[in-house]
Amino acid sequence: MSAGSRPVVSYLTIGADDIDRATAFYDAALAALGLRRAWLNGGWAGYGPEGDDHGTILICAPFNGEPARAGNGMMIGLHAASAAEVDAFHAAAVANGGTSEGPPGPRTDYGEGYYLAYVRDPTGNKLSAFYRPEPA
Amino acid sequence: MLGYVTIGALDVEQSLPFWDAVFAAIGGERGFFSGGWAGYGPVGGPQTIYICPPHDGQAARGGNGIMVALQAPSTDAVKAAHAAGLASGGTDEGAPGPRPEDSKDFYGAYLRDQTGNKICVYAKGPF
Numbered sequence: 001m002s003a004g005s006r007p008v009v010s011y012l013t014i015g016a017d018d019i020d021r022a023t024a025f026y027d028a029a030l031a032a033l034g035l036r037r038a039w040l041n042g043g044w045a046g047y048g049p050e051g052d053d054h055g056t057i058l059i060c061a062p063f064n065g066e067p068a069r070a071g072n073g074m075m076i077g078l079h080a081a082s083a084a085e086v087d088a089f090h091a092a093a094v095a096n097g098g099t100s101e102g103p104p105g106p107r108t109d110y111g112e113g114y115y116l117a118y119v120r121d122p123t124g125n126k127l128s129a130f131y132r133p134e135p136a
Numbered sequence: 001m002l003g004y005v006t007i008g009a010l011d012v013e014q015s016l017p018f019w020d021a022v023f024a025a026i027g028g029e030r031g032f033f034s035g036g037w038a039g040y041g042p043v044g045g046p047q048t049i050y051i052c053p054p055h056d057g058q059a060a061r062g063g064n065g066i067m068v069a070l071q072a073p074s075t076d077a078v079k080a081a082h083a084a085g086l087a088s089g090g091t092d093e094g095a096p097g098p099r100p101e102d103s104k105d106f107y108g109a110y111l112r113d114q115t116g117n118k119i120c121v122y123a124k125g126p127f
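Protein sequences, first through last, are from chains A and B.
Under this note's numbering, the first sequence has 101 at position 101, and the numbering climbs by one with no breaks.
Under this note's numbering, the second sequence has 100 at position 100, and the numbering climbs by one with no breaks.
In case anyone wonders, no lab produced these hints; they're calculated from the structure.
The structure presented is a predicted model; accordingly, all values stated were derived computationally and were not measured.
Hints are not guaranteed to be accurate.
Pairwise CB distance ranges, derived in the manner of DEER restraints [said to hold, decoys possible]:
1. Phe63/A x Met1/B: 20 to 28 Å
2. Gly105/A x Gly97/B: 19 to 27 Å
3. Phe33/B x Glu134/A: 46 to 54 Å
4. Gln14/B x Asp52/A: 32 to 40 Å
5. Phe127/B x Asp53/A: 19 to 27 Å
6. Ala87/B x Ser82/A: 39 to 47 Å
7. Pro126/B x Arg21/A: 36 to 44 Å
8. Pro135/A x Val43/B: 29 to 37 Å
Far from chain B, some chain A residues (derived; all Cβ distances over 10 Å) [stated by the list, open to error]:
9. Ala16
10. Arg21
11. Asn41
12. Gly42
13. Pro62
14. Leu78
15. Ala84
16. Ala92
17. Val94
18. Asn96
19. Pro103
20. Gly105
21. Thr108
From the three backbone atoms N, C-alpha and C, an ideal C-beta is built for every residue, glycine too.
Chain B extracted, bound-state conformation (with noise of 0.2 Å):
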């Protein structure tokens, strides 16, 4: 049913760090970077994920309740994507840890990146 996503960035080029990343972290990779757009997936492909100029022409602006979920393969590649993520110009939305806090199958972390879009990682249990 989900097919892709574009994520607006206002630097595509200045964004590639935050994803190259958070993707390397839950054993994904940039797939291409071409014509100011950037697509990321599992490494081999196919990429799902558009890091792109809006199509308006207007500045990109992340969005409020919008939110991106990238499913890991451990609890601690969420620990390592969230770090990676901090480390190359995202911002905290919530630390790697069990949600809600008693949560056995849902374990996530939350960030921004430089543009303000929220995406989430997490791996699912049972832990």
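The shape of chain A in the complex, shown without the other chains (with noise of 0.2 Å):
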């Protein structure tokens, strides 16, 4: 099996009734962690780090038709570059329409050096934004 169709979260999407207020979110808060979004049509938007064009994160009102609505217990961990892009992640999202489900610090109970924040964003999905030190 090739290492590109290994069975890890390859693509997500999560829903949003407000795809401008939801992009403002997204804009601001994945920003923070060196993502930015590719593109913007008909009503869904693709984030991803420079060169996927596709986009890794897609945001769009649900399939079904039915309002987004966040679940209870899903939750997406995002790879940040150091603990200062954790706090400012967590700062971007709560000046654009996010809230707090966690502030930045230490979560030595995951491992050492181990660095999360937590925030919800205006639809209520979780997000987690977490530094981890590589491996000396």
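Since each chain comes alone in its own frame, lean on the hints to assemble the complex.
Shown next, in the form of structure tokens:
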């Protein structure tokens, strides 16, 4: 099996009823982690790192036409390159329509040097940003 | 950029057959089940998908619009994952097939787990 087809999460959709409100939030929060909006088309927005033109996080209205709703227990963990990026992610999220679910700080229960913050997007979907030092 | 995903379960232990079946069909496995959490990933690890009770102590609930997509190595693996998931407590949200119908490079199937969390299993072409 090639590395490209390993069974890991390879993309996500996140439901949003108001794409403008959602992009205001995701533009700011994901920029703090070095990700940018690659496209916005037909009520969908795609985010990823530079060079990812398809997008790995897709914001959209739900497929079934019902209102978007956050799950409980589902959370998306996003890599940060430093604790400072985690801080910036949390600040940008809260300043752009998100809510805090846990301020930035060390989470040593998870491992030495771990540093995380938790937020919810305007719909209520929960996200974390985490920094984990490279193994020595 | 995507580090990990937690997926809430009403009953983690009861949901294991579903997740075991889906992951086995696409080359993954459960790496651990400990302290009420189950971790899944490629065979041999690392685990990046965790099935767990919600942090807030409330009942787990599937979202609407939020969906986790897992890449499978082939269209046969997509079919197998869909069938295995349905046979293990999941519900159908879309039969295996190209999306859109004339696609030569995306072949997906859609399921919800027992809690209602939606997943996609897909293979990338060209076919």
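Hints and how they fare:
Distance hint for Phe63/A and Met1/B: a CB-CB separation of about 23 Å, consistent with the stated range 20 to 28 Å. Restraint check, Gly105/A to Gly97/B: a C-beta distance of roughly 46 Å breaks the suggested window 19 to 27 Å. In this structure, Phe33/B and Glu134/A break the distance hint of 46 to 54 Å, their C-beta atoms being roughly 28 Å apart. Between Gln14/B and Asp52/A, the C-beta spacing of about 37 Å keeps the proposed range 32 to 40 Å intact.
Checked against the hint of 19 to 27 Å, the C-beta distance between Phe127/B and Asp53/A comes to roughly 21 Å, which is consistent with it. For the pair Ala87/B and Ser82/A, the supplied restraint of 39 to 47 Å holds, since their beta-carbon distance comes to about 45 Å. Between Pro126/B and Arg21/A the beta carbons are some 37 Å apart, a value that agrees with the proposed interval 36 to 44 Å. A C-beta distance of roughly 22 Å is found between Pro135/A and Val43/B, which places it outside the suggested range of 29 to 37 Å.
The Cβ of Ala16/A sits about 7 Å from the closest Cβ of chain B, inside the 10 Å cut-off, so the non-interface label is violated. Even its closest Cβ contact with chain B, about 14 Å, leaves Arg21/A beyond 10 Å, as expected for a residue assigned away from the interface. Asn41/A, annotated as away from the interface, keeps every beta carbon of chain B farther than 10 Å; the closest lies near 15 Å. At the 10 Å boundary, the C-beta of Gly42/A stays outside the reach of chain B, the nearest C-beta of that chain being 13 Å off.
Chain B draws Pro62/A into its interface by the beta-carbon criterion, the shortest separation being 4 Å against a cut-off of 10 Å. Not every CB of chain B is more than 10 Å from the CB of Leu78/A (nearest about 6 Å), against its label as outside the interface. Interface exclusion of Ala84/A from chain B stands, the closest Cβ pair being 17 Å apart, more than 10 Å. Chain B leaves Ala92/A outside its interface by the beta-carbon criterion, the shortest separation being 16 Å against a cut-off of 10 Å.
Chain B leaves Val94/A outside its interface by the beta-carbon criterion, the shortest separation being 19 Å against a cut-off of 10 Å. The beta carbon of Asn96/A sits about 19 Å from the closest Cβ of chain B, which is more than 10 Å, so the claim that it is off the interface holds. In this structure Pro103/A is separated from chain B by more than 10 Å, as the shortest Cβ-Cβ distance comes to about 15 Å. With a cut of 10 Å on Cβ distances, Gly105/A stays outside the contact zone with chain B, its closest approach being about 15 Å.
Look at Thr108/A: its CB is around 17 Å from the nearest CB on chain B, clear of 10 Å, so calling it non-interface holds up.
Checked against the numbered hints given earlier, the structure breaks hints 2, 3, 8, 9, 13, 14 and satisfies all the rest.
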